[in-house]
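**Student:** So the sequences go chain by chain: W and Z.
Position one of the first sequence corresponds to residue 1 (the numbering used here), numbered consecutively onward.
Position one of the second sequence corresponds to residue 1 (the numbering used here), numbered consecutively onward.
Possibly wrong hints are sitting among the right ones.
[As the list claims (entries may be wrong)] Heads up, incomplete: computed chain Z residues facing chain W, CB under 8 Å, no partners named:
id, residue
1, V221
2, P273
3, R281
4, T284
5, N285
6, I422
These aren't lab readings, by the way, just hints derived from the structure by calculation.
All residues carry an ideal CB built from backbone N, CA and C; glycine is no exception.
2 protein chains.
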Amino acid sequence: MQMDDMILVSIDDHMIEPPDMFENHVPEKWKDSVPRVVRNDAGVDEWHFQGEKTSTPFGMAATVGWPKSEWGFNPGSYSELRPGCFDVHERVKDMDANGILGSLNFPTMAGFNARTFTEAGDKEVALVSLRAYNDWAIDEWAGSYPDRFIPQGIIPMWDVDLAVEEVRRVGAKGCRSISFLETPHVQGFPSFLSGHWDPMLSAICDENMVLSLHIGAGFEVIRRPQEAPIDHLMVLACQISAITAQDLLFGPTLRQFPDLKVALSEGGIGWIPFYFDRIDRHFTNQEWLHGGEDFGGKLPSEVFREHILACFITDPSGLLLRDRIGIDLLAWECDYPHTDTTWPESPEFAWKELQDAGCTDEEIHKITWENACRFFSWDPFARTAREDATVGALRARATAAGVDVTRKPRAEWKQENEAAGIGVA
Amino acid sequence: MQMDDMILVSIDDHMIEPPDMFENHVPEKWKDSVPRVVRNDAGVDEWHFQGEKTSTPFGMAATVGWPKSEWGFNPGSYSELRPGCFDVHERVKDMDANGILGSLNFPTMAGFNARTFTEAGDKEVALVSLRAYNDWAIDEWAGSYPDRFIPQGIIPMWDVDLAVEEVRRVGAKGCRSISFLETPHVQGFPSFLSGHWDPMLSAICDENMVLSLHIGAGFEVIRRPQEAPIDHLMVLACQISAITAQDLLFGPTLRQFPDLKVALSEGGIGWIPFYFDRIDRHFTNQEWLHGGEDFGGKLPSEVFREHILACFITDPSGLLLRDRIGIDLLAWECDYPHTDTTWPESPEFAWKELQDAGCTDEEIHKITWENACRFFSWDPFARTAREDATVGALRARATAAGVDVTRKPRAEWKQENEAAGIGVA
């Protein structure tokens, strides 16, 4: 096996929702009520919704086209972005250039947990907008290339009955995953342990979907010093996956829903062997705390393994201990278009790391696509011949199409894109 | 090398301060003002201080003599405890029986960070009590067996000038370590990043002492769900060491004090390779955040290695990746008399784990004593011939002395001890 023979399915990338996302998915009477992009006097594109200027979708979230010196939190305009951030046709070309067959995408403006809609005052409009987001994400974005995207939706967190309804609605049209919060109790919602989310979790199980918990959403679970630099958030975000796992594993959730599948998106894998050592030693040593049947006669690590998919961009230490984690738990991700992405050298980056860790061909296939496809019940070869799915085949296609992966300054993107009518309202 | 050839120096054990601890260390006028033990109507020994009943020092903190079925948070009496918890002569016998040459001890009633005195209203009495604690811990407990204990003190957190003074006072009599808080900002103190503690840290460096940060004290750094079981605290405590390291490493502390030595007591080691991967990738990838000289031309992991001693009871995954951590950073601990201790089978437990990880003899010596002794500047052979320092030699001494390591029910301890006048006021 060579690098070009790899098949890459990334279970964590991001869409920058385009300004016209709602066009095909909102009845006429709501057209003016859903979020819309407004360019302000400083030339910054902002999403306006119910009197709020919602999250500027740029800066750190869409740096993929820029030189590192231009990264930062400065907001900007759509036209400054590499178009693959928001245009699905361009995205697929960027996936080709990076040798990536399949991708699961998370929202940006909408928030990992539909925050923008959950925080809105008018819940009728919020629900219309959320459903329109899902229709766009599933039918339009992923639906344009069902051979390339694993469809994912979000749910109305403000009403668990509505959440159940939305899980069933998107499940019916083939959605494979629901993006949710790592630690809902930190944002003022009931915790996973509370039982509040059980009807939703039950519906997700019924639909054979995955609960995807992306890092970052739960960052406030750590009380950091007021002087902490931004590095804290960026470095420690992965540590929170262990805290999330603890809530699910030592609360009733995983044991109560034997079919529940949870992906810890961007959570890394290197923390898992240490966590397994700790929970299994704790469980066997502190036997006064637990009856033998608390975990169904299993060790906590065994229950974890039955439910969790762990996912990494780069994780050399974790790969060395893959046998202690369980080779079937590991998935890979690209994180396009965030700063942590390895695009457009993901194959080189991943191949080197997998080789350095001494992974066999069989292990590489499990990590780079097999585990993800099994977990999300997504058949990568339903519409693609296997020989067309490899890094080499996809990159050849990108070369033939002349995809340019050069990083360019924001100002240059802006000039080029606006001249071509790209990223302008 | 065989198991009996190991030399064990544990840098994390605990004293249950005995009722008579203040007797030799408080001037007559303060005798009635310092904490004292009072047995209540339920037969529970409580420390009374300034109208407060301070932490009951038993339950989970002193289970070493009991069967697992009797572990728990129930308070009790001194007479229910294995006397090695509070009697230094018995403690040394228990160390012999477990093959342990040297030990660094943390306070219980006083609190890792002198909490009992810091929270007291009358700060004059608090300071008298704190100094008496230090004199007892250093001169009486450790001083009775300078060949067996690495002396450690605590400091008055309520006044940084007094803290500096106390560091110098205990430094002058050979104290090797100061026990402090992992995440002081969580308890309402200024954070490590604030600069507030700099004079104290500077004094600790001057005295060539170690700043020992024990897990548990900073647990509230994690906002856990209200429904979280006690397992959360016990499992996740080690995860906080990464958060503590982050505060010290990405704040100015470690770089500002090139001579500062920090021991992450009971923090485990398995999280470190993952943390190193993360911080070094973050640092090199997010170059816009840091000038090249921010870490003196070094990687964050290199700065960590220059300052930190990491410490474990059991950590099979971490040991497998010892080369990625740095063999000189690793120390071992026994955690007597807490529930997590491996007493009285620590040599068997550690030997198996070290062998399973494929450690060489040289690596075993570094992990079990050399690193700790170098870091704390404590010469294990100053008063002990090397051939008398081994597991085999110490256990032979315990056998000759007839030390009984049998676990016994609390009621049985109480009966036996009280009949012998042990653990009664």
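**Student:** Using Cβ atoms only, decide whether Z:P273 comes closer than 8 Å to chain W, and label the hint accordingly.
**Tutor:** holds, 3 Å
**Student:** Was the hint right that Z:I422 lines chain W, CB cutoff 8 Å?
**Tutor:** Z:I422 check fails; min Cβ-Cβ to chain W is 26 Å, beyond 8 Å.
**Student:** How about Z:N285: closest beta carbon in chain W under 8 Å, or not?
**Tutor:** holds, 7 Å
**Student:** Let's test the interface hint: is any C-beta of chain W closer than 8 Å to that of Z:T284?
**Tutor:** violated, 10 Å
**Student:** With a cut-off of 8 Å, does the beta carbon of Z:R281 approach a beta carbon of chain W closely enough for the hint to hold?
**Tutor:** holds, 6 Å
**Student:** A closest beta-carbon separation below 8 Å is what the hint needs, so does Z:V221 meet it against chain W?
**Tutor:** holds, 5 Å
The structure fails to meet hints 4, 6 from the earlier list, while all remaining hints are met.
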